[in-house]
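Number of protein chains: 2
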Amino acid sequence: MTKKLLSFILACGLSTAIGLAQSPFTPAWSNLTGQEYPQISPDGQARVRLKAPDARKVQVAGGDGFTKTPIDLTKDAEGYWSGTVSNMTPGFHYYWFIVDGVQVNDPASVAYFGYGHPTSGLYAPTPGEDFYACQNVPHGMVREHWYFSEVTGQWRRAYVYTPAGYDQNTSERYPILYLLHGAGENERGWSLQGRMNFILDNLIAEGKAAPMIVVMDNGYAEARGEKASDNPQASLARRTETLIDVYMKDILPTMESFYRVKPGREHRAIAGLSMGGFQALNIGLTHTDLFAYIGAFSAAIIGGVMDNPSTAFNGVFANPEEFNKKVRLFWFGVGSEETTFVEMANDSRKKLDELGIRTSYYESPNTYHEWHTWSRCLHEFAPLLFK
Amino acid sequence: MTKKLLSFILACGLSTAIGLAQSPFTPAWSNLTGQEYPQISPDGQARVRLKAPDARKVQVAGGDGFTKTPIDLTKDAEGYWSGTVSNMTPGFHYYWFIVDGVQVNDPASVAYFGYGHPTSGLYAPTPGEDFYACQNVPHGMVREHWYFSEVTGQWRRAYVYTPAGYDQNTSERYPILYLLHGAGENERGWSLQGRMNFILDNLIAEGKAAPMIVVMDNGYAEARGEKASDNPQASLARRTETLIDVYMKDILPTMESFYRVKPGREHRAIAGLSMGGFQALNIGLTHTDLFAYIGAFSAAIIGGVMDNPSTAFNGVFANPEEFNKKVRLFWFGVGSEETTFVEMANDSRKKLDELGIRTSYYESPNTYHEWHTWSRCLHEFAPLLFK
Numbered sequence: 001m002t003k004k005l006l007s008f009i010l011a012c013g014l015s016t017a018i019g020l021a022q023s024p025f026t027p028a029w030s031n032l033t034g035q036e037y038p039q040i041s042p043d044g045q046a047r048v049r050l051k052a053p054d055a056r057k058v059q060v061a062g063g064d065g066f067t068k069t070p071i072d073l074t075k076d077a078e079g080y081w082s083g084t085v086s087n088m089t090p091g092f093h094y095y096w097f098i099v100d101g102v103q104v105n106d107p108a109s110v111a112y113f114g115y116g117h118p119t120s121g122l123y124a125p126t127p128g129e130d131f132y133a134c135q136n137v138p139h140g141m142v143r144e145h146w147y148f149s150e151v152t153g154q155w156r157r158a159y160v161y162t163p164a165g166y167d168q169n170t171s172e173r174y175p176i177l178y179l180l181h182g183a184g185e186n187e188r189g190w191s192l193q194g195r196m197n198f199i200l201d202n203l204i205a206e207g208k209a210a211p212m213i214v215v216m217d218n219g220y221a222e223a224r225g226e227k228a229s230d231n232p233q234a235s236l237a238r239r240t241e242t243l244i245d246v247y248m249k250d251i252l253p254t255m256e257s258f259y260r261v262k263p264g265r266e267h268r269a270i271a272g273l274s275m276g277g278f279q280a281l282n283i284g285l286t287h288t289d290l291f292a293y294i295g296a297f298s299a300a301i302i303g304g305v306m307d308n309p310s311t312a313f314n315g316v317f318a319n320p321e322e323f324n325k326k327v328r329l330f331w332f333g334v335g336s337e338e339t340t341f342v343e344m345a346n347d348s349r350k351k352l353d354e355l356g357i358r359t360s361y362y363e364s365p366n367t368y369h370e371w372h373t374w375s376r377c378l379h380e381f382a383p384l385l386f387k
Numbered sequence: 001m002t003k004k005l006l007s008f009i010l011a012c013g014l015s016t017a018i019g020l021a022q023s024p025f026t027p028a029w030s031n032l033t034g035q036e037y038p039q040i041s042p043d044g045q046a047r048v049r050l051k052a053p054d055a056r057k058v059q060v061a062g063g064d065g066f067t068k069t070p071i072d073l074t075k076d077a078e079g080y081w082s083g084t085v086s087n088m089t090p091g092f093h094y095y096w097f098i099v100d101g102v103q104v105n106d107p108a109s110v111a112y113f114g115y116g117h118p119t120s121g122l123y124a125p126t127p128g129e130d131f132y133a134c135q136n137v138p139h140g141m142v143r144e145h146w147y148f149s150e151v152t153g154q155w156r157r158a159y160v161y162t163p164a165g166y167d168q169n170t171s172e173r174y175p176i177l178y179l180l181h182g183a184g185e186n187e188r189g190w191s192l193q194g195r196m197n198f199i200l201d202n203l204i205a206e207g208k209a210a211p212m213i214v215v216m217d218n219g220y221a222e223a224r225g226e227k228a229s230d231n232p233q234a235s236l237a238r239r240t241e242t243l244i245d246v247y248m249k250d251i252l253p254t255m256e257s258f259y260r261v262k263p264g265r266e267h268r269a270i271a272g273l274s275m276g277g278f279q280a281l282n283i284g285l286t287h288t289d290l291f292a293y294i295g296a297f298s299a300a301i302i303g304g305v306m307d308n309p310s311t312a313f314n315g316v317f318a319n320p321e322e323f324n325k326k327v328r329l330f331w332f333g334v335g336s337e338e339t340t341f342v343e344m345a346n347d348s349r350k351k352l353d354e355l356g357i358r359t360s361y362y363e364s365p366n367t368y369h370e371w372h373t374w375s376r377c378l379h380e381f382a383p384l385l386f387k
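Each protein sequence line maps, in turn, to chains A and B. Position one of the first sequence corresponds to residue 1 (the numbering used here), numbered consecutively onward. Position one of the second sequence corresponds to residue 1 (the numbering used here), numbered consecutively onward.
Just so you know, the hints here were simulated from the structure itself, not pulled from any lab data. Be careful, since some hints might not be right.
[As the list claims (entries may be wrong)] With a Cα cut of at most 27 angstroms, we get these calculated BS3-like pairs of lysine-lysine:
1. B:K262 - B:K249
2. B:K227 - A:K51
3. A:K51 - B:K75
4. A:K75 - B:K51
Just chain A, with the same shape it has in the complex (with noise of 0.2 angstroms):
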């Protein structure tokens, strides 16, 4: 086995990228060094492909942008299973094959955390955006940052961006920006999938953006002692309890004292997506105080809240005026595909615009639920924060 091994090490990474001439199919950027599968046409398909000569019936399937039921795959004489998928939405997509009834990755994509476990995923063409790319501009950093939680009891790790020049600049202190995953996703979810990071370079280097701070935390926290299996009904709202718990008790003041942050609530911004955008507008919203720019993508205000508007959230839209003055930026973005997030959010903002509260609306074209939704909505969202 280790003389296999040893001849493995040597020939390792002698991987060929082999090149398609006169095809308008191309592997896709984001699969790994050397995969020749999936390609990608210009026009929004891609061609997948997966070896499985003992399998009876291989599938590719994925989120909605990339197809809505899953598309069966012919076999070839050397065992290979492959197909097209057609008229893919721009941007990043969540994928998978289904063998013979199990939902297996594909060996030649990064995994990406999503649905709760490892995910394949490939990047749709995206014309005319390059907003989320790599450029030749100063880049910021992501830090691992791990500290302990005094309500979980446990230790837990925050993903952090550091904007370019942070290290340099030793005296200059920085607006804070906290930034919340969707379910099923975790705190890498939006430097890897959502490239938050190649986003924030680029709009600060062209002068579009505030050099900021992001925190980007884990969505999910259960106090001491408590377990969700405990007590599944009650768990989503106690959840909700425990995790502003968590960003007051520890993730503001571990932050905000390790990383040179400016004080004051309007150096402070808190947005999410999906479930982040929810918690968002829950922790963003009951804390007025504390945040001066609340951003929710594809998130509303649901469940009969507005129903008693002057009670909701301890009673912060009672003085509309006071709320305008006070919350400087009141954002909502959504996917235009994604109809149901599309209706909650206009209903909201027609509540809140009843009560003379102000917000602002975005809406992604062509995208669904998914990753270029929210990488869109942070790229409309972050200039217009600390001005």
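Got chain A; can you put chain B on it based on the hints?
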């Protein structure tokens, strides 16, 4: 679809972490949150499980310390395939399922980058060892550091560990260790599989190792305009040349101007595992003007290089006395069960000894060519640096 998504978002995370009272098998601590399987017993057995009602044959396989040959699993009435792996060696092991001939990762596991693609992994019990655990000590950080490589013409990503206190003690300078990963892995391997940050956090907190900066870069590099596929035969040597070039022209200048590094060769070390060990020997031994400490984990000097010791590595062994004075530590580490590597390391050391070159040696008990060997190597090696 979006309504389904919404209920997923609201329900997500209400996972059931079922406790198994009276069983010596408990969910592995390395499982994703709430996942029951794999389960581990204190004596190094693992129970694995995968739902695949329509599959005809399911096996579990992995590296040498996990199982030498694939193990057939058996199916229950609900379509779960399960089985037990016996006699695992301590520490981290890659593993995977084989479903009707296709390699399938465990959805209950983090996907670690190994064998050139995402691969499941678990930690077997390590009785009496907690050197790699996240302990209640001050923690350093691991940063994703993007930089432009003039040699390759591309942006590259390094992972950089800065020790606890680095951000606060802004006038302090630190020694630096360049730590290289193995074949089929990447720049994240040392911090994720290898838990190098916790190992160093613990050693530094105990006063056993000097606070140091550790740079972990990618071990693959192709010069501008070159492709490994152009000439696979010549590629290994050429790639090693290119990688040395990347270290000299890109990595060292970038890292040592960005981070507060102590100047001088006596504050600079290089080490690596397997392929990275061969690379560290190549880089270190051809640049003893830069490195005072050299470590080879599961690696050795091979391929007839020692047939002409006076010219090997630009003649670095020609004057043993000078070498021994200059290179303060020339360290080899292996796992006791990876016999080919044990032989290679001992052969190298014998030849070096005959020349009068001083080396050090460590053998990790009961481990193969795998991460626990290398985590232990780092744990032994780091305290010897920068004394």
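Hint numbers the structure violates, sorted upward?
Structure breaks no hint.
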